[in-house]
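**Student:** Based on the sequences and whatever the hints tell you, model everything.
Now for the letters of each chain:
2 protein chains.
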Amino acid sequence: MKKLKNDLFLRACKSKQVERTPIWIMRQAGRYLPEYRAVRKKSDFITMCKTPELAAEVTIQPIDLIGVDAAIIFSDILVIPEAMGMKLEMIESKGPKLYSPIRLASDVDKLKTLDVSKNLKYVLDAVSLTKKELDGRVPLIGFAGSPWTLMTYMVEGGGSKNFSEIKKFIYNQPQAAHKLLERISDGVAEYLSAKIEAGANAVQIFDTWGGILSPCDFEEFSLQYIQRIISQIKRKDEPVIVFAKGVHYKLNKLADTGADVIGLDWTMDIGKVRSKIGKKVALQGNLDPTVLYGSEEKIRREAIKVLKSFGKHNGHIFNLGHGILPDISPANAKFLVDVVKEESEIFHR
Amino acid sequence: MKKLKNDLFLRACKSKQVERTPIWIMRQAGRYLPEYRAVRKKSDFITMCKTPELAAEVTIQPIDLIGVDAAIIFSDILVIPEAMGMKLEMIESKGPKLYSPIRLASDVDKLKTLDVSKNLKYVLDAVSLTKKELDGRVPLIGFAGSPWTLMTYMVEGGGSKNFSEIKKFIYNQPQAAHKLLERISDGVAEYLSAKIEAGANAVQIFDTWGGILSPCDFEEFSLQYIQRIISQIKRKDEPVIVFAKGVHYKLNKLADTGADVIGLDWTMDIGKVRSKIGKKVALQGNLDPTVLYGSEEKIRREAIKVLKSFGKHNGHIFNLGHGILPDISPANAKFLVDVVKEESEIFHR
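Residue numbers (my numbering), protein chains in the order written: chain A, 1376 to 1724; chain B, 1376 to 1724.
No lab work stands behind these hints, which were simulated from the structure alone. Note that the structure is predicted; figures quoted are calculated from it, not measured. Misleading hints may appear alongside valid ones.
Where chains are identical, the list cannot tell them apart; a pair therefore holds if satisfied intra-copy or between any two copies.
[To be verified] Below, simulated EDC-like cross-link-like pairs (lysine to aspartate or glutamate); rule was C-alpha separation at most 20 Å, straight line: (1) Lys1651 x Asp1631; (2) Lys1391 x Asp1612; (3) Lys1472 x Asp1419; (4) Lys1543 x Glu1672; (5) Lys1654 x Glu1394.
**Tutor:** Right under this line is the structure:
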């Protein structure tokens, strides 16, 4: 395998010495880039996911355009429910819709067992192709939703405001819920292993909806399945990142899942989290994504605040605390990347 | 003034000895009650707020029907922006809409200064009438939105997903934002003072959107104005409750605002929060509202978990961690109230 020209991100994930703090941006291959919108104009979102050439093209765009230190494969977490037999549609400006949502134990039984090499071959092909086209410039990240987050979508049938259906499901049919979580977990573990096999240098698990659970429920319905996946992933040295949005209450336990990196949203003080959970894991984050609406002066000030808060330690990957918003100017995103590259050096001397 | 027959809630707010834990439920005067929907059928939401007889009727319903230990006046936090000159509409199943949202410093200047005795007389009349009709059975709570939460609605023009407009406003026009926050704060302080004058036994400040801010921004744009209001409220012994949803990071500072009670959402461990911030304030909360979708057994188990977590101390007011959802069965809400009354006694011996 070709040696990476820039492995800052991978070294930081393992809390090793780096010359400066690496940065990538969640949803960096996305709508805020005119070059992305040009591709998107010609084909719908799901087709882009399913066409390796298009997925590779948009995955690489932010490497060229804004200069981030890692690529993340363009895809969607809901390819898994789709591969398990649910009909998926992306409705413009409304979000995803999964038809015939899971409500009963019998709905769980009707789902197909995930066959990654068959039903998700297009993702693996996209990973291999992207890896080839990246030509060793930066590492490539693969990702999946957490079992809890995927189940939430599968039961709600899409996004939700109050998450009533998923809560009814776990409280009134806990056995069916755990059965589904197990099935998803095993599928996700296989999926992430296959991505690594296809060339991903690291993987991230997104627990977007972890934060809607009480601390006890989080342990029961999310945390243990994240742990299960991490223990099952077939990997050599490839780091695992867990990003559980809104989960401010079980950071120590998240750090004990076997993950190499914990991603933080912007409501946490990254320095305080570091003091609390020590050096067992690296931390990723956590600038408020809306800071990119501000002036260059504001962006610089806030980026430095995050760097200072983390302090002079190894094990920091700079990122936003959530995905970049579609109406952010690409110039501001690039400015952030430049500022982090420039201002982080003094924290690594 | 008539002596209260049940003052458990007020004693708990002041961390005094009680025989059992008092309970009330956020949004207890609401859509989950068929008796509420019968009133609502005959007049729209804003008319209900503006007609003291109707407001009093629905405020008292949950006292009779589910047996809570405090009433909270039926109203809406957005009566303040309306009284400052913004056109307000409640759009069925979509939420509130404020027309011509604030975007520029000149929009702030155009707002009227709040004249509580003139523009919000209807709320004060509703408080007096409800107080009279309650006839000393339970205390009456008045409430307002926090300046940050009200400004968020005024700038977004309603609810929001990404809160882009309010963040652009505070980052790019911080002076105008602070000017608006000051104006709202002074209005809210006057409004809460007038409610107490009209008969409210306690007041609650809802910071519904505090949790979308980073810790630093929360201090700058929300916390200091909550503190300002509390220092300005004219009161004798009436407690002030602050509920800042999602604000897990500045609990110590919230406890130092002069509030008597801090409300917690369901993502926090109430026992851990008590250990952390000590006895300076009472705590209110914090059962996950969706637990009321569960069986009676589940509701009992989870309610006891909250009581146990808080432990054998004074200064707990039982509540949900957020408003009761409209599709909860009233029987389950009543069951929760009964369980808390029954199971909490042993924590106060």
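**Student:** For every hint, state whether the structure bears it out.
**Tutor:** Here is how each hint holds up against the structure:
no. : hint              : in the structure
1   : Lys1651 x Asp1631 : within (13 Å within a copy, 23 Å between copies)
2   : Lys1391 x Asp1612 : within (13 Å within a copy, 57 Å between copies)
3   : Lys1472 x Asp1419 : within (14 Å within a copy, 32 Å between copies)
4   : Lys1543 x Glu1672 : between (47 Å within a copy, 14 Å between copies)
5   : Lys1654 x Glu1394 : within (19 Å within a copy, 47 Å between copies)
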